[in-house]
Amino acid sequence: MKQEVVVNDLVIRFSNVNGTGSASANEMFAKSIFRMGIPVTPKNIFPSNIQGLPTWYEVRVSEKGYLGRRDGIDLLVGVNPQTLKRDINSIRPGGYFVYDSSKKLHEEYIRADINYIGIPMIQLAMEHYAKPRLQQLLKNIIYVGAVVTLLDIELEVVKQVIAEQFEKKPKLIPANYQALELGVNYVKENLEYPLNIRLKRIDAVGDSIMIDGNTACALGAIYAGATLMAWYPITPSTSVAKAFETYCKKMRIDAETGKKKYAFVQAEDELAAIGMVIGGNWNGARSFTATSGAGVSLMNEFIGLSYFAEIPVVLINVERGGPSTGMPTRTQQADIISSAYASHGDTKHVLLFPSTPAECFEHTVKCFDLADRLQTTIMLISDLDLGMNNHMSPPLKWDDSQKYDLGKVLSAEDLEEMTEPFGRYLDVDGDAIPYRTIPGTHPTLGSFFTRGTSHDEYAKYSELPEVYLRNVDRLAQKWDTAKTLVPAPEFYQEESKNSIGLIFFGTTVYAAVEAMMMLKEEGIQLDAMRVKAFPFHQEVEDFIAAHEQLIVVEQNRDAQFRTLLINELELNPARLLSVLNYDGTPITAHHITKHIKNQLTATV
Amino acid sequence: MSYDKPKFHHPLLKKNKVGYIKTDYEGVISTLCAGCGHDSISGAIVQACYEISLEPHRLAKLSGIGCSSKTPTYFLSNSHGFNSVHGRMPSITTGANMANRDLIYLGVSGDGDTASIGMGQFVHAIRRNLNMVYIVMNNGCYGLTKGQDSATADFGSVSKAGSDNPYQAIDLAGLALELNATFVGRSFSGDKTQLVPMIKAAMAHPGFAFLDVISPCVTFNNNAGSTKSYSHVREHIESTSIFDFVPKEEEITIDYPEGESAELELFDGSKIQLSKLAPDWNPTDRFSAVNRLHASKARGQILTGLLYINTDSKDLHGKLNTVDKPLNKLTQEELCPGSEALEKVNASFR
Ligand SMILES: Cc1ncc(C[n+]2csc(CCOP(=O)(O)OP(=O)(O)O)c2C)c(N)n1
Ligand code: SF4
Ligand SMILES: [Mg+2]
Chain A
1 MKQEVVVNDL VIRFSNVNGT GSASANEMFA KSIFRMGIPV TPKNIFPSNI QGLPTWYEVR
61 VSEKGYLGRR DGIDLLVGVN PQTLKRDINS IRPGGYFVYD SSKKLHEEYI RADINYIGIP
121 MIQLAMEHYA KPRLQQLLKN IIYVGAVVTL LDIELEVVKQ VIAEQFEKKP KLIPANYQAL
181 ELGVNYVKEN LEYPLNIRLK RIDAVGDSIM IDGNTACALG AIYAGATLMA WYPITPSTSV
241 AKAFETYCKK MRIDAETGKK KYAFVQAEDE LAAIGMVIGG NWNGARSFTA TSGAGVSLMN
301 EFIGLSYFAE IPVVLINVER GGPSTGMPTR TQQADIISSA YASHGDTKHV LLFPSTPAEC
361 FEHTVKCFDL ADRLQTTIML ISDLDLGMNN HMSPPLKWDD SQKYDLGKVL SAEDLEEMTE
421 PFGRYLDVDG DAIPYRTIPG THPTLGSFFT RGTSHDEYAK YSELPEVYLR NVDRLAQKWD
481 TAKTLVPAPE FYQEESKNSI GLIFFGTTVY AAVEAMMMLK EEGIQLDAMR VKAFPFHQEV
541 EDFIAAHEQL IVVEQNRDAQ FRTLLINELE LNPARLLSVL NYDGTPITAH HITKHIKNQL
601 TATV
Chain B
1 MSYDKPKFHH PLLKKNKVGY IKTDYEGVIS TLCAGCGHDS ISGAIVQACY EISLEPHRLA
61 KLSGIGCSSK TPTYFLSNSH GFNSVHGRMP SITTGANMAN RDLIYLGVSG DGDTASIGMG
121 QFVHAIRRNL NMVYIVMNNG CYGLTKGQDS ATADFGSVSK AGSDNPYQAI DLAGLALELN
181 ATFVGRSFSG DKTQLVPMIK AAMAHPGFAF LDVISPCVTF NNNAGSTKSY SHVREHIEST
241 SIFDFVPKEE EITIDYPEGE SAELELFDGS KIQLSKLAPD WNPTDRFSAV NRLHASKARG
301 QILTGLLYIN TDSKDLHGKL NTVDKPLNKL TQEELCPGSE ALEKVNASFR
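These protein sequences, in sequence, are chains A and B.
Here the numbering used here is used: the first residue of the first sequence is 1, the next is one more, and so on.
Here the numbering used here is used: the first residue of the second sequence is 1, the next is one more, and so on.
Heads up, a few of these hints could be off.
Claimed, not checked - If the Cβ cut is set under 7 Å, some of the chain B residues that face chain A in the computed set are:
(1) 60
(2) 124
(3) 323
(4) 327
What the hints contain is simulated information worked out from the structure, not anything from laboratory work.
Keep in mind it's a predicted model, so treat the numbers as computed, not measured.
Idealized CB from N, CA, C, for every residue including glycine.
With the sequences and hints as input, model every part of the structure.
Spelled out as structure tokens, the structure:
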């Protein structure tokens, strides 16, 4: 089975049992590759469970910088007996299966077309460590040592990463080093190494960082000046809250008093969480929540209140697999329609779609500015893949000259200088956005009554048809203002020159960019656009107008984004084809190319 | 529709310490049914705020949905108001309070709004000891949706249609006591002498102050056999004490009989003066309040007055240890860590 040597292009999968400490070992493995200057994408595929169920950790290494998932596993480390059969079958022909040879592998697991590499992991661990928990934890490091050697990863880099990981518990470092060496030495003494698939230091990551989207969102909220986070735990959004608290403790403590310049409230449910956010923003403190799936459903009534009473809300929706409880630890982009039109009555909401952690940061900051400017709910639509997996990303950027846009808020002086009476819902300058006042601003001027019932320009209750129409028509006009404020799309060509245009958003970008390269190699040229926001920017309309045929790539069953485009831009549905991926795993370039080719042959 | 009241100022109307006359604390004309208990409670709120010389813009009034929740339009026109969604006033008040700890928060709710749809938010606001006054205008029914029984309707209470309520009532004051609310009182819309000082004391209390105010619905629940009718309440009311509130720097003027009188100093220096009518009850002893409540209930009586106060209350801001300056007054300079700090964050992810 001699194969040619492949450098810096492979997919490695670790198959583990959750709750056994494998996650941190696997993360150190991926980090080491990143430190060798090689683009890498780790993905944690985990169950909604605390202990005992299968988890996988997949690492794609791509010198060319493709960061999407790729089909075809080159090497699989299988230490979970429950999934052996499935794991072994998932390896590409000619690939490698690294297993624990402490026990003999049963006949039924033998495939003729793959290579078997046995490492007596548990046996080595038992020989060197007395405590069962330690044996279990360090077994993970033993296989890391073995794989590192097999793939020619620099041992010094791995040791450095381990040292950093245990910075706060330095006593654990020697034991980890020892376990690492056990794996390394076993390979060196007993096996041929390195394998035909291997890694080599390059300089292809520049100033990139490896960070998850949720942490980037939390940092964005801190930089945007959020002082209240109200939330209720739900995967995959919980780590936004966790990161917000962690970084607030570092960045938002008053030096003199030790008191907190933020309030962090774990609510009793998502209704209360968004209620608190509405109360906070109504009272002039930037407030936000993060949730997912069922949580967004529960928030619907309040989202309508925010829309109609015109109160800023920032909502980070980290999508997971639906419907219902669905696949809580799998990824999808299936909350598009339910977010865009959340709540009863005629409502529409601004959505931003980040693709990278850097954009999670930037767009979260933008959400706060937009919420204050437009006085309504702004949702950041992320997903489990972006939120919970580490991604290689451009660094987070903050320009110190950047000023918060707190929108149209009247101060006590403004109120005193006014010659006309204050009208909370009066459009005085034609952008359909009225001025607001914050409670307590002035002893006698500017107070008003906020309500979710129909109201006139002065916030007085009214069900008169003409009053209602003036108000809701102004809200529709405000939507047009929103269109001019949201981020423009990104294009992947200088100018449109092909008749087919590819449209995608969010985390689909990774696979889509790679797919375009693959298609190009086969002579299929496409123009492409990544949409960053709803309402659709004028440039989105222009791109669509410039292409006869459009292909919308998205990660849900019902082609929700396509529906939104057709509905909002009044497009002929026949012009929009779909490529869909909704099995809960992140979309791959292979999936996209295959379906695009099928679609094109079908329509020609 | 709401109507603006003509603001007629009688030259003799007395200004309070902050320069406001009583009508400055009023709102638009009520559109509730004539005789509705809720209107009397609105009147008591106006009187209390006038008498303690509250600057109206220093208070925010919030409510849920229901006839009761409409009342914030009928008092304190110079205060910001928020008529929110059904049962969710506590969460909005929580957020508002987090944003600015310096204002007084007055939440108004109904028994439907609190004891059914909003039960979760009510008990959690208690649990957090949110600094607010929480008034339930309790009429034992859903007024606005035309009189269905609410969860506070007493077992056996007869509805207007003539049926007996087969369910046990949720006693909101009893529940608040059970949950360790730091201020619990019960009153009756028809007893302003008791209600007005209770509202004042509740506003001075630095934590969750709960007032369960029985407030008959004349249209749907004032019939014979209803335990929330004016006549039933008048016949069965009893009280823990004669109660008065003395703002700070004011002299105590009422003399209560020796032995039964008690004086409690509140956080801001104001005082509660009371003359106990129930000898085995002590306002700072929660168990005595619970016992007293059960004893009255067993006799078919309605116990009103101050039930319990914890004079050592630590509110949510205290629990969270937030800065003294209201969060909504912190500037970008105080909140944004800046590019240099972000570079360090970036470096930690390489
Ligand atoms: C989500 C929701 N469900 C139902 C209603 C209808 N509704 C309006 S008021 C009300 C009950 C109000 O009862 P209560 O709080 O006791 O107020 P009251 O009118 O008796 O003062 C209901 C059920 C609503 N507004 N919102
Ligand atoms: S229906 Fe009942 S609660 Fe509502 S306004 Fe009339 S009397 Fe008051
Ligand atoms: Mg009621």
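Against the structure, the hints:
1. 60: At 5 Å from the nearest chain A Cβ, residue 60 (chain B) passes the 7 Å test, so the hint holds.
2. 124: holds, 4 Å
3. 323: Interface hint status for residue 323 (chain B): holds (4 Å vs cutoff 7 Å).
4. 327: With a closest approach of 4 Å, the residue 327 (chain B) hint holds.
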